[in-house]
Amino acid sequence: MDIKVMSFNLRYDKPDPGDNAWTVRKKAVARLITHHAPDVVGTQEGQAHQLLDLHRLLPDYQSVGSDRLGTGAGEHCAIFYNTQRLRCLASGDFFLSETPEIPGSMSLHWGNSLPRMATWAVFAVVDEQQTITVFNTHLDYESAKAQELSAKLISDRACSLLQANRLSHLNLPESYLFITGDFNAEPGTTARKALERPLLNHITLHDAFAGVELEHQQSFHDFTGKGFVALDTIYYDGRIRLRNVELDTGQWEGVLPSDHFPVIADFVSPVE
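Per the numbering used here, residue 1020 is the first one in the sequence shown, and the count goes up by one each step.
Please keep in mind that the hints were generated in silico from the structure rather than gathered at the bench.
Be aware that one or more of the hints could be misleading.
Below, in silico cross-link-like pairs of lysine-lysine (PhoX-like), each with a Cα-Cα straight-line distance of 20 Å or less [stated by the list, open to error]:
| hint | residue 1 | residue 2 |
| --- | --- | --- |
| 1 | 1212 | 1245 |
| 2 | 1046 | 1033 |
| 3 | 1045 | 1033 |
| 4 | 1171 | 1245 |
If you anchor each label on the Cβ, the simulated ranges turn out as follows [to be verified]:
| hint | residue 1 | residue 2 | range |
| --- | --- | --- | --- |
| 5 | 1206 | 1242 | 38 to 46 Å |
| 6 | 1193 | 1037 | 42 to 50 Å |
| 7 | 1245 | 1146 | 38 to 46 Å |
| 8 | 1035 | 1120 | 31 to 39 Å |
| 9 | 1078 | 1247 | 16 to 24 Å |
| 10 | 1108 | 1260 | 20 to 28 Å |
| 11 | 1054 | 1235 | 31 to 39 Å |
| 12 | 1260 | 1235 | 13 to 21 Å |
Please read these numbers as outputs of a predicted model, since none were measured by experiment.
For every residue, glycine included, the Cβ atom is placed at its ideal position computed from N, Cα and C.
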């Protein structure tokens, strides 16, 4: 089984001036996604109208996920998936706080000033006896404590979901796990390390950029075209093999698609 996964911070529609405006960039984003043809894309910062634009431009893709306010008016962590390759079996959202079932919730002592969330989905791979489970998130940009506690919550939720799937009608004991996101934390930080701790079901996640020189991980470029901090990556299940990972640092439709470079990774299973 081959699976291509992308993580892409879309940059919310601020709006930005000139070529950085979403009205200009949206076709570039769609062209980039069409070119790479990922099976699944974990997006961050997309607002409802931006996601609708992408659906109009990407007819082969559907998406799941609500927004961080729980009203539809906030930023989403939407997971897009290619309906020719994947069939969504289940999906949901939770919020990165001590009350994760409450939309828009925050825990003040975590230190974040904005609500944060994660979206998850379980997919059957078309024509394969295989499923994948994807979590997608956007961690806080100010509070290291919030980043660490959020990473731990996501790991715990991922473990619980995989265990529940084993006991449910979904019957997914071999579902491969991925976590995509803008982690707002660099490699080696406590939050990033928290995602690599073995889960209770003995699954270990690996950073797709592990072993890649830091200069080639620097995904945030602030519309300069030159990355200077490594915030985005894909964590993948140790039971499968990473074949390739890259940042797309190019222009599309003559513009930079976002202020983050997307991460694209190819995986193959099983591990030989």
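So, going through the hints one by one against the coordinates:
no. : hint                       : in the structure
1   : 1212 with 1245             : violated, 26 Å
2   : 1046 with 1033             : holds, 17 Å
3   : 1045 with 1033             : holds, 13 Å
4   : 1171 with 1245             : violated, 31 Å
5   : 1206 with 1242: 38 to 46 Å : violated, 23 Å
6   : 1193 with 1037: 42 to 50 Å : holds, 48 Å
7   : 1245 with 1146: 38 to 46 Å : holds, 41 Å
8   : 1035 with 1120: 31 to 39 Å : holds, 34 Å
9   : 1078 with 1247: 16 to 24 Å : violated, 35 Å
10  : 1108 with 1260: 20 to 28 Å : holds, 24 Å
11  : 1054 with 1235: 31 to 39 Å : violated, 20 Å
12  : 1260 with 1235: 13 to 21 Å : holds, 20 Å
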